[in-house]
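**Q** Sequence:
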Amino acid sequence: MGKPTKKRNVRVDPAGQLPGPPTPPPSSVAVAEVTHHRHHPLRRHELTHFITWLGIDAAITDAGVAHISVLRALECLKMDRCNALTNAAFASVGSLTNLRELDLQDCSRSIDDDGIADMKTLKNVEYLTIKICPAITDVGLGTFVTFPWLRNLYLEKCDVGGKELTAIAEMHVLESLSLVHCHGVTDNGIRSALELQHLETIDLTGCIYFTDDGLATIAAIRQLRSLKLSYCHNITDEGIETISVLKWLETLFLKDCRALTDASISFFIKMRSLSTLDISETKLNLANSDLQTLRASMTENGGHMISNAC
52 MGKPTKKRNV RVDPAGQLPG PPTPPPSSVA VAEVTHHRHH PLRRHELTHF ITWLGIDAAI
112 TDAGVAHISV LRALECLKMD RCNALTNAAF ASVGSLTNLR ELDLQDCSRS IDDDGIADMK
172 TLKNVEYLTI KICPAITDVG LGTFVTFPWL RNLYLEKCDV GGKELTAIAE MHVLESLSLV
232 HCHGVTDNGI RSALELQHLE TIDLTGCIYF TDDGLATIAA IRQLRSLKLS YCHNITDEGI
292 ETISVLKWLE TLFLKDCRAL TDASISFFIK MRSLSTLDIS ETKLNLANSD LQTLRASMTE
352 NGGHMISNAC
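The opening residue of the sequence shown carries number 52 in my numbering; numbering runs sequentially from there.
What the hints contain is simulated information worked out from the structure, not anything from laboratory work. Don't be surprised by glycine CBs; every beta carbon is placed ideally from N, CA and C. It cannot be assumed that every hint is accurate.
[Stated by the list, open to error] Keeping only pairs whose Cα atoms sit at most 25 Å apart, straight-line, the calculated DSS-like set for lysine-lysine is: (1) Lys321 / Lys334; (2) Lys321 / Lys306; (3) Lys208 / Lys129; (4) Lys182 / Lys171.
[To be verified] Quick list of the computed label-pair ranges, beta carbon to beta carbon: (5) Glu351 / Ser277: 18 to 26 Å; (6) Asp313 / Lys174: 45 to 53 Å; (7) Ala124 / Lys334: 51 to 59 Å; (8) His249 / Asn359: 30 to 38 Å; (9) Asn336 / Lys171: 50 to 58 Å; (10) Thr172 / Lys298: 34 to 42 Å; (11) Ala314 / Glu221: 32 to 40 Å; (12) Lys174 / Thr344: 48 to 56 Å.
Given the sequences, and given the hints that come with them, work out the whole structure.
**A** Here it is, written out as structure tokens:
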């Protein structure tokens, strides 16, 4: 019995090329380019079985994406700055039904809610990252409900939050929710997260309209282990007191939360599981004896406190 062939990872560079012989322009990136990889030539039919990871940068076109739609074994697809694409390309992505991880970064001119809708066939996606795609709104967010195994949703600089994020409540196995610099997110919107029994991580970095009222909702998510609120300027000591009941919370980021005062320190101390605390660029007095004691205790237990003067 022959030695099994190892599954392959492939990356297409900004010119649409792979190591080895010269390839056509990115507008015609095709499966043939992958088959000529100099270290391990593959026959075309083998590609559907052995390529599980693919990264695409910059100038690839719809035609190029259509070619990779034959890669039925593909589990991870990363697309970065692919602004030459149209929604038609994402219909091709929708045929990659074995995908478990999809990462779209800075494709702001190429994808909107309609493009997201064309990918509703991706029933196996567990990790979804979409960054700097402002044309994606709450309508697109609703499409993600069709991903029954979605565990990690990371959205950055997307136009979501206007309809109170009701779709999130239907993502029943979600463990990590990130809505970074999504300025539409409000206190009301985050209430949908109360329905998520497996949610352990929330990242609301830069959600400038999120306030202490929203933290009252988060305090009810008792299984929470990580909470990031950096640059949420409306968070005050009162909000920190509210979430001090989270006995499993291990990570808390509060960078540039300038409304906080030393009154929050006593609430940090109540969080007995806290191992990573970021209070950099806040007004907390680093010489405060209670804060120094907390820092020493965290360090002794293998954790750390991130801080610096304003």
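**Q** Look at each hint and say if it fits the structure.
**A** Here is what the structure says about each hint:
A C-alpha spacing of about 20 Å is found between Lys321 and Lys334, which places the hinted pair at or below 25 Å, so the restraint holds. For a cut-off of 25 Å, the pair hint linking Lys321 to Lys306 stands: about 20 Å separates their Cα positions. Restraint check for Lys208 and Lys129: the C-alpha separation of about 18 Å stays at or below 25 Å, so the hint holds. A hinted pair counts as satisfied when its Cα atoms are at most 25 Å apart, and Lys182 with Lys171 qualifies at roughly 19 Å.
The hinted window of 18 to 26 Å between Glu351 and Ser277 holds, with their beta carbons roughly 21 Å apart. In this structure the supplied range 45 to 53 Å holds for Asp313 paired with Lys174, their Cβ-Cβ distance being about 50 Å. Range check, Ala124 to Lys334: about 53 Å between beta-carbon atoms, so the 51 to 59 Å window is met. Judged by the Cβ atoms, the range 30 to 38 Å given for His249 and Asn359 holds: they are separated by roughly 35 Å.
For Asn336 and Lys171, the Cβ-Cβ distance of about 52 Å falls inside the hinted range of 50 to 58 Å, so the restraint holds. With their beta carbons about 41 Å apart, Thr172 and Lys298 fall inside the hinted range of 34 to 42 Å. Under the hint 32 to 40 Å, the C-beta atoms of Ala314 and Glu221, about 38 Å apart, fit the expected range. For Lys174 and Thr344, the hinted distance range of 48 to 56 Å is satisfied, since their beta carbons lie about 51 Å from each other.
Hint compliance for this structure: every hint is met.
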